[in-house]
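Chain residues, written in single-letter form:
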Amino acid sequence: MSKDILKLTCRELRDSIAKGEIKSSEAVSAVFERIEKYDGQIGAYLSTYKNDALGKAKEVDGKISKGKPVGVLAGVPIAVKDNMCTTFGTTTCASKILENFHSPYNATVIEKLLAADAVIIGKTNLDEFAMGSSTENSGLKKTVNPWDKSRVPGGSSGGSAAAVAAKMCFAALGSDTGGSIRQPASFCGIAGLKPTYGRVSRYGLVAYGSSLDQIGPLTANIADCALLLNVIAGHDERDSTSVDEKMAPVYDLSAKIDEPLKDLKIAVVPQLFEGADSEVVNTVKGAIDIYKKLGAEIIEIKMPHFEYAIAAYYLIATAEASSNLARYDGVHYGHRTKNPADYIEVYTKSRNEAFGQEVKRRIMLGTYALSSGYYDAYYLKALKVRNLIRGDFTAAFEKADCVIMPTSPTTAFKIGEKTADPLQMYLSDVYTIAVNLAGVPAISIPCGFDKNNLPIGLQIISPAFGEEKLLRIAKMFESQTDFHKRRPEL
Amino acid sequence: MGQKKIDIEQVRQVAKLARLALSDAEIAQFTVQLSAILEYVEKLNQLDTSKVEPLAHCLPINNCLRADEIKQSLGTEKTLANAPQKDEQFFLVPKILEEPGGL
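So the protein sequences, as listed, match chains A and B. So that you can map any letter, position 98 of the first sequence is 98 in this note's numbering, and since no number is skipped, the others follow by simple counting. So that you can map any letter, position 70 of the second sequence is 70 in this note's numbering, and since no number is skipped, the others follow by simple counting.
These aren't lab readings, by the way, just hints derived from the structure by calculation. All figures in this text were calculated on a predicted structure; none of them were measured in a lab. Any given hint might turn out to be false.
Residues of chain B placed beyond 10 Å of chain A at every Cβ, according to the derived structure [to be verified]:
| no. | residue |
| --- | --- |
| 1 | E53 |
| 2 | D68 |
| 3 | I70 |
| 4 | K78 |
Here are the simulated lysine-lysine pairs, BS3-like style, with alpha carbons at most 27 Å apart [said to hold, decoys possible]:
| no. | chain 1 | residue 1 | chain 2 | residue 2 |
| --- | --- | --- | --- | --- |
| 5 | B | K16 | A | K246 |
| 6 | A | K384 | B | K5 |
| 7 | A | K302 | B | K43 |
| 8 | B | K51 | A | K399 |
| 9 | B | K51 | A | K384 |
| 10 | A | K360 | B | K4 |
| 11 | A | K96 | B | K86 |
| 12 | A | K360 | B | K16 |
| 13 | B | K5 | A | K418 |
| 14 | B | K5 | A | K360 |
| 15 | B | K78 | A | K384 |
| 16 | B | K71 | A | K338 |
| 17 | B | K43 | A | K418 |
| 18 | A | K50 | A | K37 |
| 19 | B | K4 | A | K384 |
| 20 | A | K360 | B | K71 |
| 21 | B | K4 | A | K418 |
| 22 | A | K338 | B | K78 |
| 23 | A | K50 | B | K78 |
| 24 | A | K96 | B | K5 |
| 25 | B | K51 | A | K96 |
Each residue gets a CB set at the ideal place from its N, CA and C atoms; glycine is no exception.
Make the full structure from the sequences, and use the hints.
Shown next, in the form of structure tokens:
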């Protein structure tokens, strides 16, 4: 029985639970059986909440047996990245500085999941404070790729992606500042969506790069992606960057999910294929051919400023991070050094003892970029280039409905392969970062496998607030292929 | 090119600004790594941005104001719950004014 439950999509499970065919408590037990069996090898979770989850499941089952109304995720076991605040358990950001932090409030997305009757089963591993592309920067745990345990799951939402791929949850939430949902989704062979900046409230998401951060779903298929986005999207007065309904009307993004787009125009950027592995390039070209067969028109364009995205990003994101992470002062919460000589050492030693190397490196870079004498040359320059990059997307969307490219230049790399050289790690984000700078939505979906049986991701990028079309475009591909149904042997 | 984009003394100064008590080994390592990164970001200077406005974020939103009404706050107990050192009402820190060399 439990094996069959794990084969269901979120929608199917929700429907079966609502009809009383399956109990939520059975689904939760099936997922925990799986976690107990495999997460020792995978390391996706930083914390799990079996008793709370079973409690919530029984509450949902009780409502259903009494014929009471339930939410759209009724009884579905969901995982969340551990940089989203929860009143239960800890919220660590995979950092030693927050190892014992108990949030006094829930993030808005957590409230929304609970209001939709989802069952939150655990919190997943990440690169410390979401800074990284492999989850190797976690200060608390190692996560491996379920497809090949000698490889990284991607990052920073590596725990969420690995948990979905290994069927240790039915779906998960991640956050994406420069590719942190899409790249791990690509490496783990699942779907991952970064919504438009402003679509989802970040209240209670621990801040990294505030002009770039966005929360989104990681799921086994496109319909589930739409289902989760429906739940978490919407205006929140507690996040001044979440947009109101005038700018982003709230409606069911999955209502037309099975309707192909007529007269679909897809832009591709030939110059961008040059830096990717040949297997990735060939597979993505194969995916584009599938769209051609479905009647799409393919338009070749140039995006002349795309190649400057990494340089701009690592100034803007680190500048914002250096400011956001100033709050970890050893005074209000988090780690404090023992026996400081004076009050300055409360700051300097607490921070130095508990932050990992990548976090320190980014704080240093950001502090430098914002410091007197360098602000114009680095930070301001990067903001101007950001405008040019957004202009490339604006021009692209005048010609086409979406832009398609690989999600990552390679498939999942080996653990330890890029940790010695931070710049090499940064360069692995070449296709995802520009999207955050432009604030537009993008999805990664599985589009094939390389010779090592590692998943390859297809990235589809659409205009701001165009998620409904984006999901339909992704669904057109998914309906022609079965890559999304493949799961690793554990 | 050739010359380091950032030297050890600058890295020390940045660490001070960032309130990080980096070890000498970390200072040395960051000097090398930050130099490499700064050299890479030099490529931004290939672009003429003299007529480009900076873009801080992508939304046409400016100030978001709410009505000036008193709302529920966390309260003292919850606010202090995670404090490394506290008494019943306050966060506790080492004395500031009596420290020699203090600001």
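Verification of the hints:
| no. | hint | in the structure |
| --- | --- | --- |
| 1 | E53 | 6 Å, violated |
| 2 | D68 | 14 Å, holds |
| 3 | I70 | 15 Å, holds |
| 4 | K78 | 4 Å, violated |
| 5 | B:K16 to A:K246 | 45 Å, violated |
| 6 | A:K384 to B:K5 | 22 Å, holds |
| 7 | A:K302 to B:K43 | 19 Å, holds |
| 8 | B:K51 to A:K399 | 25 Å, holds |
| 9 | B:K51 to A:K384 | 9 Å, holds |
| 10 | A:K360 to B:K4 | 20 Å, holds |
| 11 | A:K96 to B:K86 | 20 Å, holds |
| 12 | A:K360 to B:K16 | 12 Å, holds |
| 13 | B:K5 to A:K418 | 23 Å, holds |
| 14 | B:K5 to A:K360 | 18 Å, holds |
| 15 | B:K78 to A:K384 | 42 Å, violated |
| 16 | B:K71 to A:K338 | 37 Å, violated |
| 17 | B:K43 to A:K418 | 22 Å, holds |
| 18 | A:K50 to A:K37 | 14 Å, holds |
| 19 | B:K4 to A:K384 | 25 Å, holds |
| 20 | A:K360 to B:K71 | 37 Å, violated |
| 21 | B:K4 to A:K418 | 23 Å, holds |
| 22 | A:K338 to B:K78 | 24 Å, holds |
| 23 | A:K50 to B:K78 | 25 Å, holds |
| 24 | A:K96 to B:K5 | 31 Å, violated |
| 25 | B:K51 to A:K96 | 44 Å, violated |
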